[in-house]
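Taken in order, these protein sequences are the chains called F, B, S, L, P, D and X.
Residue numbering for the first sequence follows our numbering, beginning at 3 and increasing consecutively.
Residue numbering for the second sequence follows our numbering, beginning at 1317 and increasing consecutively.
Residue numbering for the third sequence follows our numbering, beginning at -18 and increasing consecutively.
Residue numbering for the fourth sequence follows our numbering, beginning at 14 and increasing consecutively.
Residue numbering for the fifth sequence follows our numbering, beginning at 8 and increasing consecutively.
Residue numbering for the sixth sequence follows our numbering, beginning at 5 and increasing consecutively.
Residue numbering for the seventh sequence follows our numbering, beginning at 14 and increasing consecutively.
Take these hints with a grain of salt, some might be off.
[Said to hold, decoys possible] Computed footprint of chain L on chain B, listed as stretches where at least three residues anywhere in the stretch have a Cβ under 8 Å from a Cβ of chain L:
id : region
1  : 1377 to 1389
2  : 1444 to 1457
3  : 1636 to 1648
What the hints contain is simulated information worked out from the structure, not anything from laboratory work.
A quick note: this is a predicted structure, and the numbers were derived from the prediction, not measured.
Note that beta-carbon positions come from the ideal geometry of N, C-alpha and C, so glycine has one too.
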Amino acid sequence: MLDFALGIMLLSSALVSLHSKDLMKSGVFFLIFGFLSGLIWVRLEAFDVALVEIILGSAITGFLIFKLVKGSKRRALRVSAFTKAWAGLVSLLFFLFMLFYLPTIERQDRVGRLVYENLHKSGVESAVNAVLLNFRGYDTLLEVGVITLAIFGLLALELKREAYHWDNPLLQSFSKLLLPFIVFFSLYITYLGTFSVGGAFQGGALLAGGLVFFALAKQSLPLKKSLILLFMATGLGFFSLVGLFYALLGYGFLTYPLKLSTLTLIFIELSIWISTAFLLYTAYKGKL
Amino acid sequence: MERLAVLSLLLSSFFVSLFISFLKEERVFLRSLVNAIAAFYKLFVVAYLLWSVYRGGVFEIRYSMVPFADFYLTVDPLALLFVSLSSFLWLITTIYAIGYLEGAPNRRRFFVFFNLAVTSTMGIALAGNMFTFFLFYELLTLSTYPLVVHRGTQKALRAGGIYLVYTILGGSLFMLCLVLLYMFVGDSTFHTGGNPSLRAWVLENPLWGKLLFYGFFFAMAVKAAVFPLHQWLTRAMVAPAPVSALLHAVAVVKAGAFGIIRLVYELYGVELVQSMELWQPLAYLTAFTILFGSFMAVFQEELKKRLAYSTMSHLSYIILGILLPGQLSTMGALLHLVNHGIMKITLFMCLGNYAEKYGVHKFKELDGVGKKMPLTTIAFTVASLGLIGTPMTVGYLTKKYLEAGAKAAGEEWAIYVFYISSILSVFYLMPIVFKALFGRSREDKEKKGLEVSPLMLIPPLITAFLTLLFGILPPEAISPLKWVQYIVNKAYGGY
Amino acid sequence: MLILALFYTLLWLFIAGFEIKALFFGLLVVPFTLLTHRLLNLYPPSINPSALLRFFFYFLLQSFLSGLDVARRVLSPKLLVEPGFVVYSLNTNKQAVKFLLSMTINLTPGTLSVEIKENTILIHTLDRSSYNEENLRYMESLIDRIFL
Amino acid sequence: MPIDLGYLVALPLLASLLSLIPSLRVYTAFIFSLLSFLLSLYSFIYTLMGDIPLYQWIGGWVAPLGIGFRLDGLSGFFLLMTGIIGFFVALYSFSFFKVEYQRQGKVFWFFFFFLWAGLNAFFLSEDLFNLYVVLEVLSLSALVLVALPGHRKAIKASLNYLFLSILASMFYLLGVAMLYANYGVLSMSLLSEKLAGTHAFTYALFPIIVALAIKSALLPFHFWLPPAHSSTVAPASALLSSLVVKPPAYLMLRLWLEVLPKDKSLEYLSIVLSLMGALAILVGSYYAIRQKTIKMLLAYSTVAQMGYLFLMAPLYYHGESFREALLQAFALQVFSHALAKASMFLSSGNAIYVARRDDLSYMPGFAHSHPLTFFALFFSGATLIGLPLSAGFVAKFLFLGLSIRLGFIFQGSIMLFGSLLASLYVYPIWRESFSSHPTKFYDNPIPQLMELSAFFLGFLSFSSGIVTFLLLQGIVRG
Amino acid sequence: MIGFYYFLSLILVVVSLYYFIVARSYVKRLISVNILGSGVFLFFVATAKNTTMENPDPVPHALVLTGIVVAVSATAIAVALILYLNKEER
Amino acid sequence: MMDILYGFLLFLLVLNLLLGFVRVLKGPELVDSMMASLLLGTGGAALLLALFKMTKEVLYINLALGFALLAGVVGVVFAIIYLRDPKNGV
Amino acid sequence: MVFEVLSIMLMFIGAFFLLAGSVGLLRLGDSYSRLHALTKADVLGFGFIVLSCMLSTSLFSNWLKLFLIWLLVISYSALVGYALANRKKNA
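Extracted from the complex, chain F is given alone in its bound form (with noise of 0.2 Å):
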């Protein structure tokens, strides 16, 4: 019941956002998307999932889209019948197509009974932190690279942006008051993810929503703006740095003694956090 009825507020949302003429509505309906779909994985289980969903996928991306919509034109352009037609036949054949498949998929064991079984030797407790920081850590590493690129190449083309901000006292103290409070919150949610539900990148996309709700209420951070840079770096650098060194000690690119291996996923996580906070504020700022 309540996933038919999430599922089809979803589908709602997304058909009004894809179909809308009107482009802030689009961004609206993206933004509640996203945190429909955030629940959708809260009901497959899929906690850090959602967590990120809503902290990421949906906050923001939202926030993107909203800077996105408000800089751009809002109008309509007429779509050829025959570009209709195609596209309907395209993703109607994709459709029938997906449709065949699905059956053959079956229930199985995959590799989750792997991950719980080695779950100890992991430095983690949480099975997902576990497959991102350690089984599957390259990932990540590459992971964090994407990100950084993403956002160093966004500053090296120096696009010039215009900043919105709303110039209200009472927003301003609001956001001054709240920011210690969610680097708080966002550290914890980056510790709970050696246990449970979180991690760094949920904390430090967090962080990040703090920062920019701090920067729309036209204030600036109190860092240098090398500093910023160097916390934007500081989650590639350390990991991949980690990687060599653990490499160079002759234990192999990115594996980590077991005995060592809880310390270094802290403090790889930090580093996470920290650049992952900066980046995305950045990335919405669009400039240092």
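Assemble chains B, S, L, P, D and X onto chain F, guided by the hints.
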């Protein structure tokens, strides 16, 4: 040691080319020095090889380059014939080119590609199988293109374009045939008397065998300028004189002819070619080319073009000689390969001298040049007489063997073709000499010293001297004739 | 600063628990948070705890009432609403009071602060007839007493 | 254990970060590009000597759980290719950003090393999902490189590229998810065991193939490539056109030859791919011939040259008995094209540097005024056509031979025709550079390093054909 | 139940694919690509639930996490570029 | 018994979301659509807490915490970015 | 047990208020009024739900977290209400 010798033959000019490409344009002396040293060194190596091959030494380099095909270099008498011809002429031309291009721009680029072209000629000569032959054959195309368009004028560019069209189309045909050969037979090694596995296959699939033969023939006929494929040659005469001299007298066109020799004698084997009657239609075609070339040459106003048509017809002498069955015609063909090279290069260098000194490019501008430049004109006259086939010159020897070969093969019509061509060549060569010597005298001021710089004068004189020398030497002496006899004996003794 | 440190340490300990890992992490978290305070130059104002408590309970009451109020209006068959704007002028000029008040106004029955000016607040009321300025005055005085 | 393969990824990553520090930039760039090049060289040499395929499980977690590096002949060869091109492009860029585009030069190195790391990671990776992340690394860094000049055209090109590449990534991810749903593993080596005798994978294959086709600009999806590759600065174009489009094709070959079992539907798919490849060759060449600017010409030629890799798809399916030869042909085609295209783009950078224009007709007399650059254009052009001695020739020879042996006459003839077309679009470059008309030559010198690196790349691409037996030994070994 | 989610993800992917092709503005295209991504993630996460274990398989969760972060980075850079273009247009 | 009760509870909460969603869909002004963030923030957090009540899993509380922390920020950001320019308002 | 019943009751009350808020959102005529409904009714409903959760857990850390969540939600509600209303006014 043996491998090193073969490699150094190939690489000496290649390294020179690479080295020069890094030298600054202004380093004239160093460049010339390096060029000259390499040329002499090569001649030395050739001498060494001649000596040891005569004594039965075997030189080869072979490794598997790609899964199907081997890179195979080998030194056999035939290869040596071509190698010694081209390395000798290379030396001559290098000296000539240094003189000819003095003060001209872009000499660095010229020499880079010049050396590259020589490398590929060496490779063609030494190739031990069709695959390796093809590698260098195409490299030759590539390296001569910049030489053809060296001047960069619109005319040169157009000529270069046509050259590329012909050679690349020919190359594609070549490649297709080669791939087919490898896929069906799996081997393309040259054997004296024909490749046995190919022979077996051809006997099984006569149609494919025939097609493949014609494919290879026409692929190489492009370079050898057989009748419908000759367009590029006459236009490519816009290149500087040394280029025309070396490349169109020796390297490019002879590469085609040389390839046909390899094809007929060492890939298919004479026996197969004769028994399947593969040669006849081609022989008629080449005969026609001989006549056509000579005939066209008579009416050419531009001197270089005249020589180009002459080249066309003389190359077909060689090919016809190859195609006609029998030892004698083969000997004639091989001899003409050498002799024509020597004579043609002389003619081109002489024309270059005329052009350099008095800017003579057309027939009507020749008036009185001969008196001003006596030495050049003597060389020119000697070479012309040689080409016509006058006794006491090498040209006579060639004609003699070719005619005897035709008679031996029972193809008397070929003799008439040779006769007519000789008569025509009188008509297109002798007027030049007469006009140069007896035309109205020029009014240019007399300059002191030699007629042109010695670097440009000595090379044609040497080659003209050789034209005479090889013509009058007795058969017992060390000469191309003897070497050719040796080759042919081996080739026909092979089966 | 000390109070803050104590506050966060306790908060951390209670939230995260008393394991070694938590303690270790806490050693990183608390300084970070304090650093933020330091950077933002944000220190807790001196407050009157008993006034805060009184305000808190009063606020809870108001909040409860307002919720009821809205639910009643909305669920009644005829919508009992008569929207309108009123202007409320402040007595105090403390910034903090103004802000806290304008926030609480949102959660008291039938009022919604729309615009905060120098010393007036523009309020939207759900029902003009039931707008009660005294209530707000009382709240203002309560809040005023919190901040010393 | 010879050397930790992780260095190949981690060092460039670290270098990219270090290059952000202005005072260290030049040293970092030089030292790390040399280091990465040596590492690639080392791994290549290892594939010639050591026992391969070499697996390294990151973190010690074996396949279904963890991710592995896999070094074998093919990946070693491609590592070498990346190393060579990376190194020479780095050399080129030292000079290039000194004399032009100073602002872009400050950030170029970051993306350059990132790209390098991504390429190394791609060729080494053994895990399908990991490949997804790496693909993202590649396309994002490529995207920034496209947008680097910062003018409108570049930004637009990069945006189009970005959208298609996100779409492609999502499709790829969908395919990976489908495979995981059906088979429960992501590692290629395990997948190949599990796939045998099943059919469900054919469904997952479809989105993956579409994604790879988009990323490597196969015909119906090729339109993003020419503007993207032509609008940016020369070193970036060189990297993009020579390296970035190759990994998807490589992955496709890997899947085809090593993972997927024989299945009828694959045969049909291969025919479709082959047709698309043929069309890509024809259309790409046609447009290349019609271009008036050198960079557009080169970009379209990339479309055409990538077509060869797909044209031969039926061979991948049928050519089990010639697996080695196929791998070699593929590797050589990729290698020769990469080197030649890099050299051509670098030389076009030189040409634009002196002529200040992109038009073909504005580079007259190039062979007269800047011979070294001309040599580069000449040799690399010859490689593109596939003239002998070049590695391109060997690749084409092998492809042609295999297609005849396996009875794919159509593919063979398209192949041959394609190289004729290639000569048609390479020829104008040569002609223009020889032209002495109008007589104005560009006399201002090009920095030595720029000329030399372009020349060496072109020369290597041309002369490598003669040593292919050495280069391909790793592939022969496995 | 899993079937429903599979189906839902399928619809999301198909619908957004349609709109991706049809879209004429960059904004719509970006949104549709993001929704397409969500559909794919939904498929993946549903797969995680489709197991005989009592807990869902953590591996797809981790992968989807990675996927989301990657998608956000791509979105960030796309937004920057589109805004730049829009500004140029004015 | 408990199941039915909880089921009914969830029904109510979802109904809450659905009703709100209808308003969000209808508009008519953008501000109304933006209230979605508020609605989803509280409604979603409430849903999570209800689930916590059902399952007694602490992680739902953490999720709700994240939800609560971000939902508000989103609403404010909405308000700021969207309504910044008078032209684009309402 | 008593606590359990009480907590479920509280939860229902909370759900009821939330629902009321949504109904208000649907029925009320203008945006300002809708904001009233959202801020007030939802906050109250949420408060009840939090209370109910507090009753069903005995861990202090959970209490603390729930309290914080509640605090956050009410302050955000107030702030967003204000922000939206203000933006609408000045739009």
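Hints versus structure:
Three residues within the 8 Å Cβ limit are the bar, and the region 1377 to 1389 of chain B against chain L gives 8, so the coverage statement holds. Counting residues of the region 1444 to 1457 of chain B whose beta carbon lies closer than 8 Å to any beta carbon of chain L gives 7, which reaches the threshold of three, so the coverage claim holds. Under the rule that three or more residues need a Cβ within less than 8 Å of chain L, the assignment of the region 1636 to 1648 of chain B is violated, with 0 such residues.
When held up to the earlier numbered hints, the structure conflicts with hint 3 and nothing else.
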